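> Given the sequences, and given the hints that come with them, work out the whole structure.
Chains F and E, in that order, are what the protein sequence lines are.
Per my numbering, residue 600 is the first one in the first sequence, and the count goes up by one each step.
Per my numbering, residue 533 is the first one in the second sequence, and the count goes up by one each step.
The set of hints was computed from the structure by calculation and includes no laboratory data.
Note that this is a predicted model, so its numbers are computed, not measured.
All C-beta atoms in this analysis are idealised placements derived from N, C-alpha and C, irrespective of residue type, glycine included.
Some clues are possibly wrong.
Claimed, not checked - According to the in silico footprint, chain F covers these stretches of chain E (three or more CB under 8 Å from chain F):
hint : segment
1    : 556–566
2    : 573–584
3    : 588–596
4    : 691–699
Unchecked claim - Simulated restraints on C-beta separations:
hint : chain 1 : residue 1 : chain 2 : residue 2 : range
5    : E       : A601      : F       : R608      : 24 to 32 Å
6    : E       : R536      : F       : S618      : 23 to 31 Å
7    : F       : I739      : E       : T671      : 25 to 33 Å
8    : F       : L815      : E       : E645      : 46 to 54 Å
What the hints assert, rightly or not - A short, non-exhaustive set of chain F residues, derived as facing chain E with CB atoms under 7 Å:
hint : residue
9    : G611
10   : T633
11   : T754
12   : A758
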Amino acid sequence: MNAGRDVERLIGTWLAEESPGRAPDRILSNAARTIDRTNQRRLLAAWREPVSIGLRGFAAMAAVLILAVIGAAWIGRSTASVGTQPSLAPSTSPSATVAGITLAQYRAARDAVCGPLNAQLITLNDAGASFHPDTNPGDIPATIANLDAIVALGTTEIAALSALEAPASIASEHAADVTRHGDSLALLSEAAAKLRAGDVTAALALADSTEPLSRLQEGFESKYGLAGCP
Amino acid sequence: MSSRALVERARQGDREAFDILAASVVDRLYALARLILRDADRAEDATQETLVRCWRDLPSLRDVDRFEAWLHRLLIHAVNDEFRSKRRHDANVRILRLEPATEDPSGAVALREELQRGFERLTVDHRTVLVLRLYLGLTVEETATTIGIPVGTAKSRLHYATEAMRLALEANARPPVREVSA
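Written as structure tokens, this is what we have:
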């Protein structure tokens, strides 16, 4: 007797009969209108789909970020000095060393921070396990650990972004961008706390609430031709 | 141009390639969404959202050969989101049951209705495994990967959903119990 197979066959046949042949054309046209206003590389997806990263992986990411920060500092210093007279006297004002920094110099320094991190998060995003309502309860502790690791990495990233000097014309926008990164990270940290308390729905809502912040971040990056900074 | 090449170009931001790609998958996405959600409007919303998310997140897809599985996963997430967002609204919708107006000597219409009733009583999670496995023809392992759950969980959901459907069909096939008074 194979009643299970019979039922499966019945269901399969019925689903095929019920299947609509063609999707309404408006789906494509409506989606196209939204896509017109949507930039690619939504790296927040990487935050929202954290994966298991071992201690070794996290250490490697941290090492990459530290190198990026050193590189950014070096680029910022070397490019800022182009066309200016080197000063032998030590400066007492940090802003004096970067006076007149150009947008290109800022872009290079910021991209040096964000580029490697961006690549790491794409890799993480592609690697697999997700955080969503279907997440198996048994997988939640690993998800929490991943979120914690990502928040830690993000904290280092924000420190690096804060240390960057921006051209005076976009200094306030840069500062706002750094603030938004901090706000996003706080929401993710809170999401980890909700997961810890067993409230997956609230955690998901918090992760989703980072979306408007990300759009603003993306707008800033797009406006000045900057690399995506997750 | 092959679909692999389209995915690769769309991933690099080629909007024209993405539009061709979207046109080639929209019917399948809509069919899956409609079968799971059992609602045309919701299925449209979920399909549209899937296409937008696909464009948005495509650069994060490293292995273009995994595009199909990745896309199905996006759809399942969108279907779940759609189901959650509209669930409260559904509580206020009264479902009117229509009796078949014509004769049904073979019982085919009645069987379809029984299948429909049984299926609509399932949770969206259970409907999803049935549709991926029995309509799309994925293996249990592929079903698990698409949903983002362990294989054991997929097997368990599949077993439960099939069993629930079998019981629903049996219950409907059973002759009505008559009350006997002493």
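> Would you list, in rising numerical order, the hints stated earlier that this structure does not obey?
11, 12
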